[in-house]
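Asker: Residues per chain, in single letters:
2 protein chains.
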Amino acid sequence: MQTDYSIYCEKLKKIADIQYSMALLSWDQEVYMPAKGAEFRAGQLSTLAGIAHEMSVDQELGSLLDRLLVDTSLSEKEKRNVKESHKNYHIQKKYSTDFVVALNKTISASYQAWHKARTENNFALFAPVLEKLIELKKQECEILGYEKHPYDAMLEQYEPGARVADLDVLFDQVKAKLVPFVKKIAMAKQNDSDFLFKHFEKNTQWDFGIFLLQQMQYDFEAGRQDISAHPFTTSFSPSDVRVTTRINEYDLREMIWGCIHEGGHALYEQGLDAADYGLPSAEAISLGIHESQSRLWENNVGRSLSYWKANYGKLQQAFPEQLKEVSLDRFYKAINLVEPSLIRTSADELTYHFHIMIRYEIEKELISGSLSVYDLPSYWNHKYKDYMNLDVPSDEQGVLQDIHWSHGSFGYFPTYSLGSFYAAQFFAKAKEQIKDLDLQLQMGELKSLLLWLRENIHQYGKFYQASELCEKICGTKIDFEYFFNYVENKYKQIYEYADNE
Amino acid sequence: MQTDYSIYCEKLKKIADIQYSMALLSWDQEVYMPAKGAEFRAGQLSTLAGIAHEMSVDQELGSLLDRLLVDTSLSEKEKRNVKESHKNYHIQKKYSTDFVVALNKTISASYQAWHKARTENNFALFAPVLEKLIELKKQECEILGYEKHPYDAMLEQYEPGARVADLDVLFDQVKAKLVPFVKKIAMAKQNDSDFLFKHFEKNTQWDFGIFLLQQMQYDFEAGRQDISAHPFTTSFSPSDVRVTTRINEYDLREMIWGCIHEGGHALYEQGLDAADYGLPSAEAISLGIHESQSRLWENNVGRSLSYWKANYGKLQQAFPEQLKEVSLDRFYKAINLVEPSLIRTSADELTYHFHIMIRYEIEKELISGSLSVYDLPSYWNHKYKDYMNLDVPSDEQGVLQDIHWSHGSFGYFPTYSLGSFYAAQFFAKAKEQIKDLDLQLQMGELKSLLLWLRENIHQYGKFYQASELCEKICGTKIDFEYFFNYVENKYKQIYEYADNE
Numbered sequence: 057m058q059t060d061y062s063i064y065c066e067k068l069k070k071i072a073d074i075q076y077s078m079a080l081l082s083w084d085q086e087v088y089m090p091a092k093g094a095e096f097r098a099g100q101l102s103t104l105a106g107i108a109h110e111m112s113v114d115q116e117l118g119s120l121l122d123r124l125l126v127d128t129s130l131s132e133k134e135k136r137n138v139k140e141s142h143k144n145y146h147i148q149k150k151y152s153t154d155f156v157v158a159l160n161k162t163i164s165a166s167y168q169a170w171h172k173a174r175t176e177n178n179f180a181l182f183a184p185v186l187e188k189l190i191e192l193k194k195q196e197c198e199i200l201g202y203e204k205h206p207y208d209a210m211l212e213q214y215e216p217g218a219r220v221a222d223l224d225v226l227f228d229q230v231k232a233k234l235v236p237f238v239k240k241i242a243m244a245k246q247n248d249s250d251f252l253f254k255h256f257e258k259n260t261q262w263d264f265g266i267f268l269l270q271q272m273q274y275d276f277e278a279g280r281q282d283i284s285a286h287p288f289t290t291s292f293s294p295s296d297v298r299v300t301t302r303i304n305e306y307d308l309r310e311m312i313w314g315c316i317h318e319g320g321h322a323l324y325e326q327g328l329d330a331a332d333y334g335l336p337s338a339e340a341i342s343l344g345i346h347e348s349q350s351r352l353w354e355n356n357v358g359r360s361l362s363y364w365k366a367n368y369g370k371l372q373q374a375f376p377e378q379l380k381e382v383s384l385d386r387f388y389k390a391i392n393l394v395e396p397s398l399i400r401t402s403a404d405e406l407t408y409h410f411h412i413m414i415r416y417e418i419e420k421e422l423i424s425g426s427l428s429v430y431d432l433p434s435y436w437n438h439k440y441k442d443y444m445n446l447d448v449p450s451d452e453q454g455v456l457q458d459i460h461w462s463h464g465s466f467g468y469f470p471t472y473s474l475g476s477f478y479a480a481q482f483f484a485k486a487k488e489q490i491k492d493l494d495l496q497l498q499m500g501e502l503k504s505l506l507l508w509l510r511e512n513i514h515q516y517g518k519f520y521q522a523s524e525l526c527e528k529i530c531g532t533k534i535d536f537e538y539f540f541n542y543v544e545n546k547y548k549q550i551y552e553y554a555d556n557e
Numbered sequence: 057m058q059t060d061y062s063i064y065c066e067k068l069k070k071i072a073d074i075q076y077s078m079a080l081l082s083w084d085q086e087v088y089m090p091a092k093g094a095e096f097r098a099g100q101l102s103t104l105a106g107i108a109h110e111m112s113v114d115q116e117l118g119s120l121l122d123r124l125l126v127d128t129s130l131s132e133k134e135k136r137n138v139k140e141s142h143k144n145y146h147i148q149k150k151y152s153t154d155f156v157v158a159l160n161k162t163i164s165a166s167y168q169a170w171h172k173a174r175t176e177n178n179f180a181l182f183a184p185v186l187e188k189l190i191e192l193k194k195q196e197c198e199i200l201g202y203e204k205h206p207y208d209a210m211l212e213q214y215e216p217g218a219r220v221a222d223l224d225v226l227f228d229q230v231k232a233k234l235v236p237f238v239k240k241i242a243m244a245k246q247n248d249s250d251f252l253f254k255h256f257e258k259n260t261q262w263d264f265g266i267f268l269l270q271q272m273q274y275d276f277e278a279g280r281q282d283i284s285a286h287p288f289t290t291s292f293s294p295s296d297v298r299v300t301t302r303i304n305e306y307d308l309r310e311m312i313w314g315c316i317h318e319g320g321h322a323l324y325e326q327g328l329d330a331a332d333y334g335l336p337s338a339e340a341i342s343l344g345i346h347e348s349q350s351r352l353w354e355n356n357v358g359r360s361l362s363y364w365k366a367n368y369g370k371l372q373q374a375f376p377e378q379l380k381e382v383s384l385d386r387f388y389k390a391i392n393l394v395e396p397s398l399i400r401t402s403a404d405e406l407t408y409h410f411h412i413m414i415r416y417e418i419e420k421e422l423i424s425g426s427l428s429v430y431d432l433p434s435y436w437n438h439k440y441k442d443y444m445n446l447d448v449p450s451d452e453q454g455v456l457q458d459i460h461w462s463h464g465s466f467g468y469f470p471t472y473s474l475g476s477f478y479a480a481q482f483f484a485k486a487k488e489q490i491k492d493l494d495l496q497l498q499m500g501e502l503k504s505l506l507l508w509l510r511e512n513i514h515q516y517g518k519f520y521q522a523s524e525l526c527e528k529i530c531g532t533k534i535d536f537e538y539f540f541n542y543v544e545n546k547y548k549q550i551y552e553y554a555d556n557e
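Line order of the protein sequences matches chains U and X. If you count by our numbering, then the first sequence holds residues 57 to 557, one letter each, in order. If you count by our numbering, then the second sequence holds residues 57 to 557, one letter each, in order.
Calculated from the structure, these hints are not laboratory results. Hints may contain errors.
Since the list gives no way to pick one copy over another, a pair counts as held whenever it fits inside one copy or between any two copies.
Below, computed lysine to aspartate or glutamate pairings styled on DMTMM-like, alpha-carbon distance capped at 25 angstroms [what the hints assert, rightly or not]: (1) K239 / E527; (2) K491 / E66; (3) K92 / D332; (4) K439 / E421; (5) K491 / E191; (6) K231 / E381; (7) K149 / D263; (8) K389 / D329; (9) K92 / E277; (10) K172 / E277; (11) K161 / E66; (12) K92 / E66; (13) K161 / D332; (14) K258 / D282; (15) K503 / E134; (16) K92 / D282; (17) K69 / E110; (18) K92 / E339; (19) K365 / D447; (20) K533 / E277; (21) K67 / D114.
Just so we're clear, the structure is a prediction, and the values are computed from it rather than from any experiment.
Working from the sequences, and respecting the hints, build out all of it.
Answerer: See the structure below:
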């Protein structure tokens with residue numbers, strides 16, 4: 057006789073099977089699908105989405121969850137799974153199949169339009185379908201419900217518990233502290249970084265990226281790396297977690313920190329509990345926590361002096377012509393150059409948050425309806441002038457640069473900043489608890505750090521909410537001070553040292 | 057108001073969406089999936105298969121098909137689609153869930169046992185589960201029904217309309233004509249082919265294969281080529297048809313004729329009517345007709361002197377070291393070397409049919425019960441001695457070489473021979489109807505031939521049955537004489553010419 061809980065597990069695993077199949081169809085779409093395959097692929101994704109949705113709102117599942125919610129014989133983990141699934145069930149119930157199908161169709165058309173618009177640097181090609189998509193997202197806010205700001209409903213999808221009210225406080229601190237700090241840096245003597253933009257041959261870059269992933273303990277038997285236009289990580293189970301990268305032969309930074317960043321995401325997914333496949337306890341907590349993993353590896357580890365003490369020699373060996381005359385110190389300063397720039401994905405770890413702040417402010421207005429899609433490019437350009445004193449020369453380098461909106465992902469961007477702030481907080485705790493962590497980094501020994509993350513974060517899946525987990529690990533809620541302390545210590549040193557040269 | 061027919065189309069398209077999604081999961085499994093991904097991938101495929109099956113036997117679809125079957129307002133094409141779907145619906149309905157579960161379980165065990173048995177060259181490891189599988193296949197014949205021979209029910213799955221009575225006639229002709237013809241060839245002076253087994257660098261082979269596919273008019277915007285252990289073609293719509301190849305650096309033949317063969321399959325799929333996606337009118341007729349397309353390109357075109365008049369210069373340029381001293385004439389003879397051999401997949405285009413005949417004879421006896429699984433190896437070896445005068449040194453090179461039986465695919469092998477025979481018949485007609493086809497081949501102009509295939513075969517999908525199509529194109533049913541004439545003309549010339557050297 058099957059228990060309710062085991063029937064529930066079976067049902068969730070089947071839904072996961074479909075969702076992970078969709079993830080493969082999407083991965084293929086970004087990585088290998090030939091151009092003409094797009095139309096039928098969109099239909100296939102939409103059919104699978106419809107089926108997954110139907111199964112997610114199945115009456116039987118609902119009754120099962122109602123029974124399980126009051127089942128006192130369940131373990132603590134089982135209770136958390138049921139609670140999470142029960143919540144999701146009722147969120148899913150709010151969507152009609154028609155709405156889901158319409159949304160997926162519009163997203164698919166929107167992605168194609170964005171791609172064409174970006175290629176041709178012509179926002180007008182994207183605007184009408186984006187407008188349609190935003191109308192649907194506004195409807196979605198109403199469907200999902202919210203207490204204060206409609207945008208809270210968008211945030212909740214990616215970062216359960218996050219609210220406009222809290223994010224406004226965080227970004228106020230960004231404005232109050234980070235903006236003046238970056239201005240101070242701008243007045244200091246700038247370090248040179250020209251050597252990062254010499255010609256770096258593609259295959260050698262690829263090999264170096266693979267080496268970095270291996271060093272991070274990314275399991276290539278449970279994953280692979282491919283090339284795509286926009287790097288991403290995707291998962292079809294904890295045993296098949298894939299990353300993509302892109303290689304710019306005239307900017308070494310794109311591949312290196314792209315690999316480390318996606319590697320950080322992938323280590324989280326590979327560290328989830330395969331035995332609980334399909335259940336909340338084998339799912340990432342939130343995008344913010346996911347991003348904390350990628351940022352921790354990318355910045356706190358991957359842009360540290362210690363990390364490059366271990367790896368710079370290997371990089372010089374790979375590119376002797378380009379780097380033989382460049383000292384580690386010069387390299388370290390160059391990779392931590394702070395400079396306002398147009399493209400989010402290649403921004404330094406400080407001005408990055410200005411890019412996010414801009415998107416956050418724009419999204420709030422698009423969703424609340426105070427900004428029209430047709431005013432978007434000029435509004436975007438105005439914000440870049442305002443916060444970073446930059447003139448945006450083209451929409452391709454401006455409002456068309458990110459894939460997110462074309463995917464209907466509103467409320468997603470803020471999780472990037474949350475990720476950095478969590479990362480700084482977690483990394484401070486890891487340093488406290490792993491006595492010789494810095495020495496290990498200097499030797500390219502990354503295993504203890506990974507085990508610390510596995511033990512403190514990965515293994516739990518969704519057992520804790522983001523804020524609970526943060527309190528469990530650090531004893532406090534998310535706190536911008538950790539990030540600002542990290543930034544202040546690191547960059548004061550880099551730029552004061554430069555002042556004294 | 058939607059018509060019954062348009063509802064029917066929608067339902068079939070959704071089923072196709074799931075089946076094509078499964079095809080992508082399988083493609084990825086063979087081509088890119090990391091090792092540890094296998095377990096969850098199997099579960100994902102099985103979940104999708106279950107859903108596709110449920111939708112295929114849905115009561116509502118059944119009633120819809122019953123109504124449509126007597127709907128006189130439908131066009132001829134619509135009627136054919138409905139008739140075909142109605143037939144399939146009732147075939148699917150015959151299977152009980154218990155039987156499907158038992159069959160799938162046994163197939164899974166059987167595949168594993170076969171893999172182990174082949175690796176360890178120990179047939180005894182495979183025999184018990186194969187025996188069980190054959191018992192289930194016998195039951196399946198009874199479930200499906202047949203008029204004369206139970207094996208007819210197996211044939212019907214892959215080649216609708218094919219019967220033992222007809223295949224016996226075909227293979228009697230193979231025995232009466234092809235066996236003595238090959239013996240005659242064996243007595244003639246054999247041409248050398250050593251140069252085909254020099255070292256041919258992988259990337260250069262790859263590029264040459266891509267060139268051949270482009271020349272065939274394979275649309276790379278609606279497909280792509282990748283590497284896999286066993287070459288195959290798969291389709292996710294007529295707009296995304298993918299081929300794989302394998303490259304043996306010490307046998308140039310594997311890549312070249314692998315590419316052309318899979319390219320032939322792919323051109324068929326790319327030529328199906330995308331507007332009818334999901335309907336029988338956008339599906340291949342049968343495995344035999346599918347194989348006729350791959351064989352026509354592989355052999356009638358790809359092993360002809362005219363084709364190599366166009367392409368040999370390019371091949372020599374690609375591999376100057378290995379081929380500069382080899383004349384076109386020597387090359388042509390080498391690639392058409394006829395020699396009885398143990399392994400089906402690397403057989404020449406004549407002795408290939410002895411391999412199929414042996415499997416056909418064995419399958420009939422296994423299904424009718426006149427041959428025991430335990431006598432299989434000695435029976436196999438006896439047949440290879442009888443038809444090809446070969447001693448089989450081990451079961452790994454004998455009865456264990458093919459994957460098909462372990463997958464429960466009985467009735468599949470004969471479609472390979474049917475494909476060659478259809479190919480010869482179609483190609484004879486194409487030559488008759490395209491006046492200067494031979495001249496075109498000599499110039500590497502393959503477009504007219506493709507258009508002829510598109511017009512006469514591809515565009516119709518399943519509108520005609522195999523035998524109807526053959527009569528429509530050629531005015532006669534399948535006739536071994538076309539194949540034998542092709543063979544006689546080609547090989548008399550090759551080997552008589554050798555006699556006179």
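Asker: Between K239 and E527, at a C-alpha cutoff of 25 angstroms, which is it: within one copy, between copies, both, or neither?
Answerer: neither (33 angstroms within a copy, 82 angstroms between copies)
Asker: Between K92 and E339, at a C-alpha cutoff of 25 angstroms, which is it: within one copy, between copies, both, or neither?
Answerer: For K92 and E339, the Cα distance is within 25 angstroms only across copies (19 angstroms; inside one copy 34 angstroms).
Asker: At most 25 angstroms between CA atoms: does that hold for K69 and E110 within a copy, between copies, both, or neither?
Answerer: For K69 and E110, both the intra-copy (14 angstroms) and inter-copy (18 angstroms) Cα distances are at most 25 angstroms.
Asker: When Cα atoms must be at most 25 angstroms apart, do K172 and E277 count as within-copy, between-copy, both, or neither?
Answerer: between (36 angstroms within a copy, 16 angstroms between copies)
Asker: Cα distance capped at 25 angstroms. Does K67 pair with D114 within a copy, between copies, both, or neither?
Answerer: Classified as both; 10 angstroms inside a copy, 20 angstroms across copies.
Asker: Between copies, within a copy, both or neither: which fits K92 and E66 at Cα up to 25 angstroms?
Answerer: For K92 and E66, the Cα distance is within 25 angstroms only across copies (21 angstroms; inside one copy 37 angstroms).
Asker: For K439 and E421, with the copy left unspecified, which applies at a CA distance of at most 25 angstroms: within, between, both, or neither?
Answerer: within (13 angstroms within a copy, 79 angstroms between copies)
Asker: When no copy is named, should K92 and D332 be tagged within, between, both, or neither for a Cα gap of at most 25 angstroms?
Answerer: between (38 angstroms within a copy, 16 angstroms between copies)
Asker: Reference check for the pair K92 and E277, CA-CA at most 25 angstroms: within, between, both, or neither?
Answerer: Classified as between: cross-chain Cα gap 6 angstroms, same-chain 31 angstroms, threshold 25 angstroms.
Asker: Is the C-alpha distance from K231 to E381 at most 25 angstroms within one copy, between copies, in both cases, or in neither?
Answerer: Neither, since 39 angstroms and 75 angstroms both go past 25 angstroms.
Asker: Please sort K389 with D329 into within, between, both or neither, judging by C-alpha distance up to 25 angstroms.
Answerer: neither (39 angstroms within a copy, 59 angstroms between copies)
Asker: Checking K503 and E134: alpha-carbon separation at most 25 angstroms within a copy, between copies, both or neither?
Answerer: neither (30 angstroms within a copy, 63 angstroms between copies)
Violated hints for the displayed structure, listed by number in ascending order: 1, 2, 5, 6, 7, 8, 15, 19 and 20.
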